[in-house]
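Peer 1: Here full-length UniProt numbering is used: the first residue of the sequence shown is 1, the next is one more, and so on.
Take these hints with a grain of salt, some might be off.
[Unchecked claim] Taking lysine-lysine and the DSSO-like style, the derived pairs with C-alpha atoms no more than 27 Å apart in a straight line are: (1) LYS140 with LYS99; (2) LYS262 with LYS186; (3) LYS140 with LYS115; (4) LYS140 with LYS156; (5) LYS99 with LYS69.
[Claimed, not checked] What follows is a set of in silico ranges between Cβ atoms, one per label pair, in the way DEER data are often shown: (6) ILE334 with ARG275: 46 to 54 Å; (7) LYS186 with GLY283: 33 to 41 Å; (8) HIS328 with GLY228: 30 to 38 Å; (9) ALA294 with ASP214: 39 to 47 Å.
Hint data in this document are derived by calculation from the structure and do not stem from the laboratory.
Quick reminder that beta carbons are idealized off the backbone N, C-alpha and C, glycines included.
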Amino acid sequence: MPRAKAGRHNTLAKEASCSEVQQASPTKPSALRRPRGELAHEMQAMSLASEAKVRRRQCHLVVLATEAKAGVVKIAYADASSYRGQVLPGSSPPQRHGKGTFEAHDGDVLEGTWKDDRMHGFGTRIFSRTGDRHEGMYYKDKRHGRGTYLWSNGDKFVGEFYNGRMHGPGILIAANGDTFEGEWTKGAVASGVLTSASGDVLAGHDHVSSVWHDGRFTGVGRKLFRNGDSYIGSFVGSVLAGLGTYHWANGDVYQGEMAASKMHGRGEVKYAEGRYDGAFARGVYHGYGRRTYASGAVYEGHFEHGARHGFGKYQWIDGEVYQGEWTHDRPHGIGVWSSDDRLFHGSWRRGVPHGPGAYVDQVTKEATYAEFSLGTSADGRLVLPELLLDA
1 MPRAKAGRHN TLAKEASCSE VQQASPTKPS ALRRPRGELA HEMQAMSLAS
51 EAKVRRRQCH LVVLATEAKA GVVKIAYADA SSYRGQVLPG SSPPQRHGKG
101 TFEAHDGDVL EGTWKDDRMH GFGTRIFSRT GDRHEGMYYK DKRHGRGTYL
151 WSNGDKFVGE FYNGRMHGPG ILIAANGDTF EGEWTKGAVA SGVLTSASGD
201 VLAGHDHVSS VWHDGRFTGV GRKLFRNGDS YIGSFVGSVL AGLGTYHWAN
251 GDVYQGEMAA SKMHGRGEVK YAEGRYDGAF ARGVYHGYGR RTYASGAVYE
301 GHFEHGARHG FGKYQWIDGE VYQGEWTHDR PHGIGVWSSD DRLFHGSWRR
351 GVPHGPGAYV DQVTKEATYA EFSLGTSADG RLVLPELLLD A
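Input sequences plus hints: build the corresponding full structure.
Peer 2: Take a look at the structure:
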């Protein structure tokens, strides 16, 4: 009886079967452990294999190949990796080809379609070190085409891959509800829209000068807030900074300089009734400015921490004027108040004459010098009420 021909795969291979296998993604769990609204990790790496730009050649020396059942071969490799599935007919040593599952020596599991000993077509990969998972298209062992990458902390990317990295349109969904939808180029964000779990939306305006880095946006863009406010202008690290225009939901508008997401520097606010043009610091009037009030009154002078403070002039719509020193929004110190028929020049305290001063009857031109206490002269003959001012 002629000796049975040895099975094609039931041999100990003498040669090494080498394939370029993409490293397990070094991607750490996403970021979104940072303050809400930041997609810091994914935007920093944006490549599921940012460190995997350097590939390693993994040469698997086949130690044993046995036929498990018809059309299914089990292969054991010298590095303790194993494969179970279809192989290329006639290949020696056997090459993975068709459907199969490969368990790497480091614990990673690759399951899907193989071609010429490489993952090629639809497949999944589970990374043992991180617990991450990728499911999608592969091309010669690399993520290539449409796919989904799921981090172990629940963050997820769905989109296009090219040569192992995010490339093309995609959407990144954070476990905390933040999402980023846009375009990636070679693993880095090229453009897109960030929607935080709170409902705020940030989008780049100019794709040429605007960039995303480490989950933050720098350049010219637009942000829509869940309360109805909006901002168009300059950002630095996703923070409102530089020149811009801020619209409040109630119709008020600010145009000017920003810093740390607050009005800071020179700017102008237009209210439904009234306006302010001048200096700001940390979101409030601070420095020299001009404030027009709903009543028609106008104050021009110095502000401190949002209040009239220092030297300034306040003019009522009927022509009355106070000019002098201010403290905490009210006349305080030396100042002059005048109307069509009266004038007082002297010391003020919290909006009323207090201390020495001169009262002049503008009609008779008669002047009275007296000591005042909270608006009343020492002899009680003159009473000047507290000035009525807009807040």
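Peer 1: Taking the hints in turn, state whether each one holds.
Peer 2: Structure-based check of each hint:
Restraint check for LYS140 and LYS99: satisfied, since their Cα atoms lie roughly 14 Å apart, inside the 27 Å limit. Restraint check: the Cα-Cα separation between LYS262 and LYS186 comes to about 35 Å, which exceeds 27 Å; the hinted pair is violated. For the given pair, LYS140 sits about 8 Å from LYS115 by alpha-carbon distance, which is consistent with the 27 Å threshold. Taken as a hint, the LYS140 and LYS156 pair is honoured in the structure, with Cα atoms around 24 Å apart against an allowance of 27 Å.
Restraint check for LYS99 and LYS69: the C-alpha separation of about 14 Å stays at or below 27 Å, so the hint holds. At about 29 Å, the beta-carbon gap between ILE334 and ARG275 misses the expected band of 46 to 54 Å. Between LYS186 and GLY283 the beta carbons are some 40 Å apart, a value that agrees with the proposed interval 33 to 41 Å. Remark: the range hint 30 to 38 Å for HIS328 to GLY228 is upheld by a beta-carbon distance near 32 Å.
The supplied range of 39 to 47 Å is met by ALA294 and ASP214, whose beta-carbon atoms lie about 45 Å from each other.
The structure fails to meet hints 2, 6 from the earlier list, while all remaining hints are met.
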